[in-house]
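Asks: This is what each chain is made of:
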Amino acid sequence: SQTIHQWPATLVQPVGSPLSLECTVEGTSNPNLYWYRQAAGRGLQLLFYSVGIGQISSEVPQNLSASRPQDRQFILSSKKLLLSDSGFYLCAWSADSWEFFGPGTRLTVL
Amino acid sequence: QQQVKQSPQSLIVQKGGISIINCAYENTAFDYFPWYQQFPGKGPALLIAIRPDVSEKKEGRFTISFNKSAKQFSLHIMDSQPGDSATYFCAASIGTSGSRLTFGEGTQLTVNP
Numbered sequence: 130s131q132t133i134h135q136w137p138a139t140l141v142q143p144v145g146s147p148l149s150l151e152c153t154v155e156g157t158s159n160p161n162l163y164w165y166r167q168a169a170g171r172g173l174q175l176l177f178y179s180v181g182i183g184q185i186s187s188e189v190p191q192n193l194s195a196s197r198p199q200d201r202q203f204i205l206s207s208k209k210l211l212l213s214d215s216g217f218y219l220c221a222w223s224a225d226s227w228e229f230f231g232p233g234t235r236l237t238v239l
Numbered sequence: 004q005q006q007v008k009q010s011p012q013s014l015i016v017q018k019g020g021i022s023i024i025n026c027a028y029e030n031t032a033f034d035y036f037p038w039y040q041q042f043p044g045k046g047p048a049l050l051i052a053i054r055p056d057v058s059e060k061k062e063g064r065f066t067i068s069f070n071k072s073a074k075q076f077s078l079h080i081m082d083s084q085p086g087d088s089a090t091y092f093c094a095a096s097i098g099t100s101g102s103r104l105t106f107g108e109g110t111q112l113t114v115n116p
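Same order as they appear, the protein sequences are chains F and H. Residue 154 in the working numbering sits at position 25 of the first sequence, and the numbers go up by one each step. Residue 100 in the working numbering sits at position 97 of the second sequence, and the numbers go up by one each step.
Incorrect hints may appear among the rest.
As the list claims (entries may be wrong) - Some chain H residues judged to face chain F by a derived CB distance under 10 angstroms, without partners named:
| hint | residue |
| --- | --- |
| 1 | Ser10 |
| 2 | Ala27 |
| 3 | Gly44 |
| 4 | Gly63 |
| 5 | Gln84 |
| 6 | Gly86 |
| 7 | Phe92 |
| 8 | Ala94 |
| 9 | Thr105 |
| 10 | Phe106 |
| 11 | Gly107 |
| 12 | Thr113 |
| 13 | Pro116 |
Since the hints were made in silico from the structure, they are not lab data. Just so it is clear, CB atoms sit at the ideal spot from N, CA and C, and this is done for glycine as well.
For reference, chain H alone in the conformation it holds in the complex:
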């Protein structure tokens, strides 16, 4: 049973626009929510992460918004650039010390110039 649902599967945005990717989870025990960015032929790389004690975390043009009551979190990419074109995965885990991550299915983002 998939525990993290990610949408949309694919997203096309114009340069300078805002890209928004959403994830919903089922397990209320999840307390760590990272996002990964994967370029073609490369391994995923940690992009940004959030814990449920905050509702928003921003790093540069990337922002995670977290809604604990709705069990949803989202990634916003402001001023999207062609170089942001990649596949993005949300994930969730319980606790720390190497708990396994449950990944969403991924969103393929294309930013047109």
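Chain F on its own, in the form it takes in the complex:
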């Protein structure tokens, strides 16, 4: 069966510090991968999606970036965090019509 992992589960970072969130998927090959951000009490904002290694599409211009160094690994990064980057970050994968979400990373920028 397929499993999606995200780490860390929670993160508290100062403004201006770098960021690296990692997502890995098990049990499937060549999945589409997605990064979403969810502000408190709000909906799901698609940040990046990838249909293959090295192929990244950005949905929202911002100080975040994504990379896909391996088929089942998706990384979200920032060189300098802003207060507005706080939120719940969700990784998801799909190989058919529906998307499966990971457990999420709660990021607080102080």
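Could you slot chain H onto chain F? The hints should help.
Replies: Only chain H this time, still in chain F's reference frame:
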């Protein structure tokens, strides 16, 4: 431009009642409509989904009703329970093979005991 509009933003229902969440879409090319359930601090989980070749799909206490001509679909939760308290998202996509989903803004459901 938001392509899937969801209402209400929040909903309070008594235990045993019926919870109804509505979504409307604009893009007539959408042909897959899933609903996701999200508990606090967790990732959304696929709850139930429908394609436009049927007008209704039922799984246990959860039913999706689909009105293609009106470009609307809704989630009905029968005999609502406190454990159903969560945020519900409708979504839509075009085709299969990993097409991206367009999500509604979410409905926060509270079921009072």
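Asks: Minimum Cβ distance from serine 10(H) to chain F below 10 angstroms?
Replies: With Cβ-Cβ at 13 angstroms, over 10 angstroms, it is violated.
Asks: Does the closest beta carbon of chain F sit nearer than 10 angstroms to the beta carbon of phenylalanine 106(H)?
Replies: Status holds, d = 5 angstroms.
Asks: For the hint on alanine 27(H), does the least C-beta distance to chain F fall short of 10 angstroms?
Replies: Alanine 27(H) check fails; min Cβ-Cβ to chain F is 15 angstroms, beyond 10 angstroms.
Asks: Report holds or violated for the interface hint on phenylalanine 92(H), using the least CB-CB distance to chain F and a cut-off of 10 angstroms.
Replies: 7 angstroms, holds
Asks: Verify the interface restraint on glycine 86(H): the C-beta must sit less than 10 angstroms from at least one C-beta of chain F.
Replies: With a closest approach of 19 angstroms, the glycine 86(H) hint is violated.
Asks: Holds or violated: glycine 63(H) as interface residue toward chain F, Cβ cutoff 10 angstroms?
Replies: For glycine 63(H), the interface hint is violated, since the closest Cβ of chain F sits about 18 angstroms away, which is over 10 angstroms.
Asks: Double-check glycine 44(H) for me: the hint is only fine if its C-beta lies closer than 10 angstroms to a C-beta in chain F.
Replies: 7 angstroms, holds
Asks: Hint threonine 113(H) vs chain F: min CB-CB distance below 10 angstroms?
Replies: 13 angstroms, violated
Asks: Using the nearest Cβ pair, does alanine 94(H) come within less than 10 angstroms of chain F?
Replies: 8 angstroms, holds
Asks: Does threonine 105(H) meet its interface restraint, that is, does its C-beta lie within less than 10 angstroms of any C-beta in chain F?
Replies: For threonine 105(H), the interface hint holds, since the closest Cβ of chain F sits about 9 angstroms away, which is under 10 angstroms.
Asks: So, proline 116(H) near chain F? Judge it on the closest CB pair being under 10 angstroms.
Replies: Check failed: Cβ of proline 116(H) comes no nearer than 23 angstroms to chain F, outside 10 angstroms.
Asks: Could you check if glutamine 84(H) really has its C-beta closer than 10 angstroms to a C-beta on chain F?
Replies: 22 angstroms, violated
Hint compliance for this structure: hints 1, 2, 4, 5, 6, 12 and 13 are broken, all remaining hints hold.
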